[in-house]
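S.K.: Put the complex together from the two separate chains, hints included.
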Amino acid sequence: MKVVLQNLTKQFPGRGKKAEGVTAVSRFNFEIPDGKLVALLGPSGCGKSTTLNLISGLLEPTDGRIFFGEDDVTDLPPENRGVGLVFQNYALYPHLTVRQNIIFPLQNRKGADKLSRQEMNRRADEAAALVQIEGLMDRRPKELSGGQQQRVAIARALVKMPRVLLLDEPLSNLDARLRLQTREEIRRIQKQTGITTIFVTHDQEEAMSISDLIVVMKNGVVQQTGQPQEVYDHPVNEFVARFLGTPPINMFRGRVEQGRLYIGRDAVLKLAGVADQEVMVGIRPEGFLLREDGPLRCRLSRVEVMGRDISVVSSHEGAESAAIRSIIDAENRVDHQAETVRFALRPGKVHLFSRETEQALPFQLC
Amino acid sequence: MDKQNKKAWLYLLPAIVFLGAFMVYPLIDVFVYSFEEGFNSASQTYFGVGWYNYAYVLRDPYFLQAVKNTFLLVIITVPLSTGIALLFSVALSSIKPLRNLFQTVYFLPYVTNTLAVGLVFMILFKRTAYTDGLVNLMLSWFGAGPVDFIDGPYWAKMFVLCFYTIWVVLPFKILILTSALASVNQDYYNAARVDGTSRTRIFFRITLPMISPMIFYLVITGFIGAFKAYSDAVALFGTDLNAAEMNTIVGYIYDMLYGNSGGYPSYASAAAILLFAIVLTITCINLLVSRRHVHY
Chain A
24 MKVVLQNLTK QFPGRGKKAE GVTAVSRFNF EIPDGKLVAL LGPSGCGKST TLNLISGLLE
84 PTDGRIFFGE DDVTDLPPEN RGVGLVFQNY ALYPHLTVRQ NIIFPLQNRK GADKLSRQEM
144 NRRADEAAAL VQIEGLMDRR PKELSGGQQQ RVAIARALVK MPRVLLLDEP LSNLDARLRL
204 QTREEIRRIQ KQTGITTIFV THDQEEAMSI SDLIVVMKNG VVQQTGQPQE VYDHPVNEFV
264 ARFLGTPPIN MFRGRVEQGR LYIGRDAVLK LAGVADQEVM VGIRPEGFLL REDGPLRCRL
324 SRVEVMGRDI SVVSSHEGAE SAAIRSIIDA ENRVDHQAET VRFALRPGKV HLFSRETEQA
384 LPFQLC
Chain B
121 MDKQNKKAWL YLLPAIVFLG AFMVYPLIDV FVYSFEEGFN SASQTYFGVG WYNYAYVLRD
181 PYFLQAVKNT FLLVIITVPL STGIALLFSV ALSSIKPLRN LFQTVYFLPY VTNTLAVGLV
241 FMILFKRTAY TDGLVNLMLS WFGAGPVDFI DGPYWAKMFV LCFYTIWVVL PFKILILTSA
301 LASVNQDYYN AARVDGTSRT RIFFRITLPM ISPMIFYLVI TGFIGAFKAY SDAVALFGTD
361 LNAAEMNTIV GYIYDMLYGN SGGYPSYASA AAILLFAIVL TITCINLLVS RRHVHY
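Chains as they are written, first to last, in my numbering: chain A, 24 to 389; chain B, 121 to 416.
FYI, nobody ran anything at the bench for these hints, they're computed from the structure. One should not assume that every hint holds.
[Stated by the list, open to error] When the alpha-carbon atoms are kept at most 25 Å apart in a straight line, the in silico SDA-like pairs for lysine to any residue are as follows: (1) A:Lys165 - B:Ser332; (2) A:Lys59 - A:Lys165; (3) A:Lys133 - B:Pro329.
[To be verified] Computed list of chain A residues with no C-beta within reach of chain B, every gap over 12 Å: (4) Ser49; (5) Leu108; (6) Gln141; (7) Asp198; (8) Asp226; (9) Glu228; (10) Gly317; (11) His339.
[Said to hold, decoys possible] Simulated restraints, written as ranges between beta carbons of each label pair: (12) A:Ala346 - B:Asn305: 39 to 49 Å; (13) A:Asp235 - B:Tyr230: 51 to 61 Å; (14) A:Pro117 - B:Thr403: 18 to 28 Å; (15) B:Leu218 - A:Asp95: 35 to 45 Å; (16) A:Val244 - B:Leu218: 32 to 42 Å; (17) A:Asn103 - B:Lys216: 19 to 29 Å; (18) B:Asn305 - A:Lys133: 24 to 34 Å; (19) A:Asp95 - B:Lys216: 23 to 33 Å; (20) A:Pro117 - B:Leu178: 45 to 55 Å; (21) B:Asn305 - A:Glu43: 24 to 34 Å.
Where a beta carbon is used, it is the ideal one built from N, C-alpha and C, also for glycine.
Pulled out of the complex, with its shape left as it was, chain B reads as follows (with noise of 0.2 Å):
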């Protein structure tokens, strides 16, 4: 019995030095920064130990103005994307023919980089000495002003934002919640058939239902990378997110590690920790509603 312990103690030494010398140590160290004051990372030095990190940020205008955004980020794209993500699966589970076509169409945008998609969505929205840029030329049709997306008003700015996120994802969910579709028996309908079940009833009293712990996973997945959000703010807005008024929470703690007001690696472990918070918070809350909701 204790040579077996020793075995399987053995067997897992590889998996527990790597998780924690990378993911264990990484974690408590951050939470003994966050509590560190004055840290010089030049030096190691610290004055003392304290709650001034957390109340340092908490009262930074470019930290409340980053955690304004990352809330909205949240709370637009994850229900929109994951809704027009399922209205996509639905349609493209009901044709027949081009569906494959469909689905690697839908599909495309997962394997293009970020950056390269960034680009694209600049040329698409934003204005130069030149041109207003595509869409603008699109609104102009319908007699809109022209608007600046990328360097005009908040609103603007956090449309494109969204839209750049939500588009990002879809592809994913997409995938995702059409091997969940059609997963479902057949049976299912036919039974709900021979009933004489309307379509609708069919959708959210068997569908919803049968697919609910892909569309589950596809929220909490959704809200956590939503909150992680910051390469596409860089794709769309350049560095400077500050300045732009378009900074995510872990853009806030980039900027504190390495940006021009980098070295305060205190407050970026102070902010993470706030991060970890919410994330935590949200995904407890998520995981208490889907008890009700989600069906094994």
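Okay, chain A solo, but in the shape it has when bound (with noise of 0.2 Å):
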């Protein structure tokens, strides 16, 4: 099923008088291709979460479309969106066991869509099949682990076959090693599905690990839209470069100079493209690489070695943090006692963003 958002608002009323309402969602235009994992990324407070009630119909857009398909579903009430809701908290009825849990929303149905007992009982054992969890459902939601509770979750939201599943923070109740099994495990139901499905995370890995596209949001607007490598390779501003990314880009003021990208007085690149001024410029950790004669003179902090990589931890004075972190192959040699280390750029992993909009600068290498 495909989604479209069309100039989706909302806003929230102050409270008291004179207080100003809060525009938590600010003219969302996206359409979503069916049948695609789509992550909302966000830091808290972007709108991600809004975005997703609205979508699931617990909220009421103040302004804008929301379209399933070709059916306009705006003004229908969540239980006739035909859409799967996961809660942060999973929301599982601690009183009703996994079996139980799973059957309630089939046994809301009335009139023509009743089902019989025993179809209920064989769309709740596939879906726990999906889930894997067939061996759980006689329990309590307390006696399960918080993955077990998650699938438990799932479960439910898929065994009413929706149109559109969506996962609010699915990952961020669970430990580390759980959450990445969980994130291949979300991949791996949607796959079996085919479910349009719509999950909202702040961590940019998760979004980036297993979805199709990524919808970056800042302050109820939408940053940037696109596949995940895309938006990492290309973002449109410094924002989204910031946010994208571990360890995070490195980010140092610069300037351009006839053709030049200098930061502090090293000349790093030649370039076309951008006229003179000053800059933000990015270099995404990966980007640099161990050269003798490289123009970018750092001092060297430490080398923290981890096998594959190496982690190389300097300073440069046109840098805005106090440590600039670069990864290099672990093939390369690096002199822990050396003053000083030199670094050549790899020109597709340099940003460079205006100083007065933030937005990002193209450029060519010459």
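M.R.: If you want it as structure tokens, here you go:
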């Protein structure tokens, strides 16, 4: 099911007479193709959960339309939209067993849609098999681990065969190891069912690793949408560049002067297409190459060996933060005692941003 | 280890002394009294030991009347007051404007003195030479004849007592239930809404089980409170409850100790032990039933 958001806006009224309202989501336009896994990504308070609630129907938009396929569902109550919603805290009914929890949505059906008990049980078993919790059907939620509860919640959302599956921070209540496992699991379930799935997260790694498309939001405004790699490689502004990637991108104060990019006194790149101006330079950790004659001269702080690669921590007068973290191949040998370390840069990993607008400045190499 | 133990006992001593002197000892004493036949409180002597006190109390028509009254009161007021309180709480939770005002209004009876409330009820229900009372006035609008609620037929008096009891216990129950309702996580309701659950089903399948521990608490304390009812009856019908046929078990015990016919601590003790046995049994039944229906 294709999901289309048109001009979606949500304003919350302020409390008290003089208080101003808060615009949680502002003019959200996006089309989610059928059968894709989409992540709404952003720091807390950016409006991603509000967007999810608007799609589910729990909140009414102030303005804009929502379409599922060709149907305009904007004015439909949540129960008629055919959405499955998984809550951050799972919201499993604690007094019901796993089976009763999964069957609950089916028991709500009335009239012609009513299912026989066998049919309900069959569907519950099917959903349970999909998320691999067949052995837990007679337990209570509190007898389950966090990961198992998560699966039950997904099974409950899937059992009614929703047109769209919505997940609110699905991994935030799990520990690190389980998080890795569960996100693969969500990917698998989504692939297997082919249901258009939208999930909310503040963890960029989570979003990048499993989604087909990501939507980066800030203060209710969509910053950038696209395939994860695309967004990572071509951030449209400083916020997106900073938000994506671990370790985070290294930011430098630099300037463009007669076709050269300077960081401090080091002329690091020759480029064209950018007028002379002060700029912010973002360099991904993997954008550094260790070279004896490299143009970027940094003071070496320490070297962290991580096996597969080496993390070099250094400092530079032009850098925004005290430490620059660069990740280089483990085949390189770094002299731990050296005072300075010199880098060449991979041009594709270098991003320029305007000081005023914070927007990306496209450039060509020469 | 041994030293630690001694210290622990030392810290517990004050509580043990007071509990022992004012709780455990009187309890045992009541039990002993109830088996001492012909006990004379002035001379502290008795004839013998046996079941006579129990036999006397169980054959005493006043006691049987008191048991009947108490049981009626319990059976009528506990379910009704809990149900009505639940109704009010749900209504209070679902309105937004003026909620605080209503919550205050509903809580007012709780801070009002029992005897003052009794006086108000007297004015509402009592017939005097000059007026039939407010309730009778309202009854007359519907063409119903005047009923003497205070000195009239048994059912009328029982009605007033039950009405009064429910009215008095309501505020506390509403308070407990509104806070219980407020503590149910909104996500459960949202989840149910997305799944298209009807309002009745949400109430019976989600809300009720979620607040069942609080309802259970109210039922248990309600049962115990109603079994111990006494001051309510006094407030409405005066101190001579036997004459009014409105005595309760606790009233009977009080009468046996201090009333006109007073001076019979043995009978009072036997009645008290019987009341204890009744309350214990009912509470045990409650606990057994709750095991299936209360979800913690």
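S.K.: The structure should be examined with respect to each hint, and the outcome stated for every one.
M.R.: Checked hints:
Taken as a hint, the Lys165 (chain A) and Ser332 (chain B) pair is honoured in the structure, with Cα atoms around 17 Å apart against an allowance of 25 Å. Proposed proximity of Lys59 (chain A) and Lys165 (chain A) is contradicted: the alpha carbons are some 32 Å apart, above 25 Å. Restraint check for Lys133 (chain A) and Pro329 (chain B): satisfied, since their Cα atoms lie roughly 23 Å apart, inside the 25 Å limit. At roughly 24 Å, the least C-beta separation between Ser49 (chain A) and chain B is larger than 12 Å, which holds for a residue marked as non-interface.
The beta carbon of Leu108 (chain A) is not kept farther than 12 Å from every beta carbon of chain B, the shortest such distance being approximately 5 Å. Every C-beta of chain B lies more than 12 Å from that of Gln141 (chain A), the closest at about 21 Å, which supports listing it as non-interface. Asp198 (chain A), annotated as away from the interface, keeps every beta carbon of chain B farther than 12 Å; the closest lies near 21 Å. No Cβ of chain B comes within 12 Å of the Cβ of Asp226 (chain A); the nearest lies about 21 Å off, and the non-interface call holds.
For Glu228 (chain A), the shortest C-beta to C-beta distance to chain B comes to about 26 Å, beyond the 12 Å cut-off, and the non-interface label holds. The non-interface label for Gly317 (chain A) is consistent with chain B: the shortest C-beta to C-beta separation is roughly 54 Å, beyond 12 Å. A cut-off of 12 Å between C-beta atoms confirms that His339 (chain A) is not in contact with chain B; the least separation is 48 Å. A C-beta distance of roughly 42 Å is found between Ala346 (chain A) and Asn305 (chain B), which places it inside the suggested range of 39 to 49 Å.
As the Cβ distance of Asp235 (chain A) to Tyr230 (chain B) is approximately 59 Å, the hint placing it in 51 to 61 Å holds. Hint check: Pro117 (chain A) to Thr403 (chain B), Cβ distance near 26 Å, so the stated range 18 to 28 Å holds. In this structure the supplied range 35 to 45 Å holds for Leu218 (chain B) paired with Asp95 (chain A), their Cβ-Cβ distance being about 37 Å. Roughly 38 Å separates the CB atoms of Val244 (chain A) and Leu218 (chain B), a value that falls within the hinted 32 to 42 Å.
Between Asn103 (chain A) and Lys216 (chain B) the Cβ separation comes to about 25 Å, which falls inside the hinted range of 19 to 29 Å. Distance hint check: the CB atoms of Asn305 (chain B) and Lys133 (chain A) are about 26 Å apart, consistent with the given range 24 to 34 Å. Checked against the hint of 23 to 33 Å, the C-beta distance between Asp95 (chain A) and Lys216 (chain B) comes to roughly 30 Å, which is consistent with it. In this structure, Pro117 (chain A) and Leu178 (chain B) meet the distance hint of 45 to 55 Å, their C-beta atoms being roughly 47 Å apart.
Between Asn305 (chain B) and Glu43 (chain A) the CB atoms are about 30 Å apart, so this pair conforms to the stated range of 24 to 34 Å.
When each numbered hint is compared with the structure, violations occur for hints 2 and 5.
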